[in-house]
Amino acid sequence: EPEVTQTPSHQVTQMGQEVILRCVPISNHLYFYWYRQILGQKVEFLVSFYNNEISEKSEIFDDQFSVERPDGSNFTLKIRSTKLEDSAMYFCASVALTATYEQYFGPGTRLTVT
Amino acid sequence: GIQVEQSPPDLILQEGANSTLRCNFSDSVNNLQWFHQNPWGQLINLFYIPSGTKQNGRLSATTVATERYSLLYISSSQTTDSGVYFCAVCGSGGYQKVTFGTGTKLQVIP
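Same order as they appear, the protein sequences are chains A and B.
Just so we're aligned: 191 in the numbering used here is position 94 of the first sequence, and the numbers increase by one with no gaps anywhere.
Just so we're aligned: 65 in the numbering used here is position 79 of the second sequence, and the numbers increase by one with no gaps anywhere.
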């Protein structure tokens, strides 16, 4: 069964550094999302992306964050200057343009900012 | 935005017992999914169930969309069922974000 993949599974970075989290959505999916989960809390929406542009973003998704689909398969989340509070699990999800709206989630990247 | 509430927040079961987890949501939805978050933090998709009833082994789920709630049943619980169960919904009107509930933390003890 096709699945969403994410790399790396765990990234440790120093405060102020830039990080890029990578996702490969399911190949025929056209809607993409990033979510994050701070330890012990619920999963929160960051941004959705369709047709090479952001379709919705949350108040969390400020100027430090950006997303890109650099080629036909990857979908990336960049954090320009990481803060301690960016430490979280980041999930990528994708949806096919069909009659269902089921979101397929990747396994997540655990980001630790020290 | 749409509100999602889950109950109970915590649940401790003896192995072999049955349980029911509830998810209430505040508006019409075109997507409702149940996830199990394993100890490694991965979200395992259990059910896509915007309405009706589905069963998969010892798990089943029912969503009554008109009354804005969904139930997840776990029968004959096993220690491997431990973890956090999340309900997530997407409001009607296109491919919107899903909104997660705060989860039910389940611990199954031998």
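Simulated from the structure, these hints should not be mistaken for lab results.
A virtual CB, placed ideally from N, CA and C, is assigned to each residue, including glycine.
One or more hints might be untrue.
Listed below are the simulated DSS-like cross-link pairs for lysine-lysine, each with C-alpha atoms no more than 27 Å apart in a straight line [as the list claims (entries may be wrong)]:
id, chain 1, residue 1, chain 2, residue 2
1, A, Lys180, A, Lys139
2, A, Lys154, A, Lys180
3, B, Lys91, A, Lys139
4, A, Lys154, A, Lys139
5, A, Lys180, B, Lys40
6, A, Lys175, A, Lys154
The calculated label-pair distances, taken between Cβ atoms and stated as ranges, are [what the hints assert, rightly or not]:
id, chain 1, residue 1, chain 2, residue 2, range
7, A, Gln111, B, Gly38, 47 to 53 Å
8, B, Thr6, A, Asp168, 26 to 32 Å
9, A, Gly113, B, Ser(-7), 22 to 28 Å
Hints, verified against the model:
1. A/Lys180 / A/Lys139: holds (20 Å)
2. A/Lys154 / A/Lys180: Satisfied, since the Cα-Cα distance of roughly 19 Å is no more than 27 Å.
3. B/Lys91 / A/Lys139: Status holds; Cα separation ~12 Å.
4. A/Lys154 / A/Lys139: Holds. A/Lys154 to A/Lys139 sits at ~17 Å (cutoff 27 Å).
5. A/Lys180 / B/Lys40: violated (42 Å)
6. A/Lys175 / A/Lys154: holds (14 Å)
7. A/Gln111 / B/Gly38: 47 to 53 Å: Hint holds: Cβ distance 49 Å, inside 47 to 53 Å.
8. B/Thr6 / A/Asp168: 26 to 32 Å: Distance hint for B/Thr6, A/Asp168 is violated at roughly 46 Å.
9. A/Gly113 / B/Ser(-7): 22 to 28 Å: violated (41 Å)
Violated hints for the displayed structure, listed by number in ascending order: 5, 8, 9.
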